[in-house]
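Each chain, letter by letter, is given below.
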Amino acid sequence: MNHFEFKFRPSQSLIRRLWALSGIGALAWIAGLVAAPDRAWASLLMVSFWLLSMGLAGGFFVAVLYACGAGWAAAFRRVPEAMVAAVPAGAVGLLIVFLFHPELYPWMAGHGESSGFHAFWLNRPFFLARAILYFVIWLAFSGMLIRNSRRQDEDGDMAHTRRNIRISAVYMFVFGLTYWLASVDWIMSIEPEWTSTIFGMYHFSGMFVSGVAVTILLLIWLKRSAPLRDFVNEEHLHDLGKLLFAFSTFWMYIFFSQYMLIWYANMTEESVYYILRQSGALGVLFIINIVLNWGIPFLVLLPIGAKRTPAVLGAMAVVVLAGRWLDLYIMILPPVTHGKMALPWIELCMMIGTMALFVLAFLRWFVRAPQTPVRDPLLAQSLSYHS
Amino acid sequence: MSQFQLLGVFEDESALISAVKAARQQRLRIVEVYTPYAVHGLERVLGLRRSRLSLVCLIAGATGAIVKLWFEFWTMAIDWPVNVGGKPWNSLPAFVPVTFEVMVLFAGLSSVAALLIVAGLWPGKQPKLIHPRVTNDRLALLLEENDAAFDVGRVRRLLEDHGAVEVTERLTGEEVPA
Chain A
1 MNHFEFKFRP
11 SQSLIRRLWA
21 LSGIGALAWI
31 AGLVAAPDRA
41 WASLLMVSFW
51 LLSMGLAGGF
61 FVAVLYACGA
71 GWAAAFRRVP
81 EAMVAAVPAG
91 AVGLLIVFLF
101 HPELYPWMAG
111 HGESSGFHAF
121 WLNRPFFLAR
131 AILYFVIWLA
141 FSGMLIRNSR
151 RQDEDGDMAH
161 TRRNIRISAV
171 YMFVFGLTYW
181 LASVDWIMSI
191 EPEWTSTIFG
201 MYHFSGMFVS
211 GVAVTILLLI
221 WLKRSAPLRD
231 FVNEEHLHDL
241 GKLLFAFSTF
251 WMYIFFSQYM
261 LIWYANMTEE
271 SVYYILRQSG
281 ALGVLFIINI
291 VLNWGIPFLV
301 LLPIGAKRTP
311 AVLGAMAVVV
321 LAGRWLDLYI
331 MILPPVTHGK
341 MALPWIELCM
351 MIGTMALFVL
361 AFLRWFVRAP
371 QTPVRDPLLA
381 QSLSYHS
Chain B
1001 MSQFQLLGVF
1011 EDESALISAV
1021 KAARQQRLRI
1031 VEVYTPYAVH
1041 GLERVLGLRR
1051 SRLSLVCLIA
1061 GATGAIVKLW
1071 FEFWTMAIDW
1081 PVNVGGKPWN
1091 SLPAFVPVTF
1101 EVMVLFAGLS
1111 SVAALLIVAG
1121 LWPGKQPKLI
1131 HPRVTNDRLA
1141 LLLEENDAAF
1151 DVGRVRRLLE
1161 DHGAVEVTER
1171 LTGEEVPA
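As you go down the protein sequences, you meet chains A and B in turn.
Per my numbering, the very first residue in the first sequence carries number 1; after that it's consecutive.
Per my numbering, the very first residue in the second sequence carries number 1001; after that it's consecutive.
Just to be clear, a hint being listed does not mean it is correct.
Computed from the model, here is a short list of chain B residues facing chain A with C-beta under 10 Å [what the hints assert, rightly or not]:
#, residue
1, 1037
2, 1040
3, 1041
4, 1050
5, 1054
6, 1081
7, 1084
Hints listed in this document are in silico derivations from the structure and should not be mistaken for laboratory results.
Backbone N, C-alpha and C define an ideal beta-carbon position, used for all residues, glycine too.
Turn these sequences into a full structure, and let the hints guide you.
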């Protein structure tokens, strides 16, 4: 049996439609640059960070699966593997922002006083060097994992699995550190006077829950459109549903941990962050953010049946993704627009375009290898899995 | 009146599952299945109703959360208001952590208690094993005669055909020789 039989070809009309949606996103950005340049740049940061995070979520998920020796997920591991394709695209978007619109960061534009460690950490050359370093580390580690996994398709050597377990253990540690620093660098430093030590963890929770949501949607789609029909069943969806439920609750836990300490201490330099985001129309979005990211998924995914029904689980994945968009919007846009609300057409169109771009990047990597790791030692266990 | 029973002992789970399927197909009364560990898919083959333990957990958790929320509101805002950092008496964010903990405590303890009560596992309970090895490396299926057409020889053959390594006849409530 030739493993090339397991290759998947997406239809041309699908690819054309995805490019058209990406084009709409790009047009929205260009129109935004004319109409409201500050918002357009902030929105580019937002969608690039989202795109990058989806790729990283895929790579991190693969690392966790290897490190845990998780048998259940081997059958669809090619999906999170191919999600890593979003990392380079997201990195390019972020570099465009850092290089061509430094005004987004007040400290880069030279506003405000800074001294000591603040001045040492937040300066342009070091900032850019760090960003490049993060990209290289992430791509190197997840690239190694994917390469070994694909080589195993050819030769079936167990040594690839053992090597990937070691790489995964190191990558999980390195990733936790670098993603935390990256979110502080790129998002928190938009308001350099404000600090939160849990910020990196907050972003990690958001990244992972939306990564699981995207994995669920891709699995449901690939199961319906054939490539994964014989490999994925409701047992796998059930476990992914549990992860979605758990990490949605984890997001709420971290959100509240950050919120409650700032609310309790009520120190001017800290509470200004929430005062800006809880006043006026933003205050409504602030509540909707909690409802989308935790309230609805928590209540709907409680019964066992919901996690095993693709339609319900998929709907919850969409809700979580909408919540992630809103979460990033509330984090990034208010300091740029000084809390003034406008119809977020730039941000919404760019997000839709970026999601299409994500699927395009995903498909590019997904079609390069068999859609299931054909010679993985855990594949048989995954195919007959009961959750 | 005591009923006649047949105990089939199996060495592996696939044999047990196929025997359970066959017994259900022939409408034999299955009293109980004994396994040393959770056998995946057995509950589906047996056609068991879903456990209601999660419902106990949900109700107890919700009760704990509501009671605790009310109690904190009553102590902090009604019975003995204390000014903490200039916050309003009734400050929901401050109540959340304890509410969460009490919810988990109620849900967890009630689930364990409900399980112990339903399974009849009170302190000092003497273990009664249907077969000395069902907690070790054997799986057992206990069938009972349900009507006059119950043919011991036929049922015994059915169990043996599906890989039973040992079939014993017994009466309801019969003590197992130690």
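Going down the list of hints, with the structure as the test:
1. 1037: The hint is violated - residue 1037 (chain B) has no Cβ within 10 Å of chain A, the shortest such distance being about 13 Å.
2. 1040: holds, 4 Å
3. 1041: holds, 6 Å
4. 1050: holds, 8 Å
5. 1054: holds, 8 Å
6. 1081: At 17 Å from the nearest chain A Cβ, residue 1081 (chain B) fails the 10 Å test, so the hint is violated.
7. 1084: Holds, because the Cβ-Cβ distance from residue 1084 (chain B) to chain A comes to roughly 9 Å (cut-off 10 Å).
Consistency with the previously given hints fails for numbers 1 and 6, ordered from lowest to highest.
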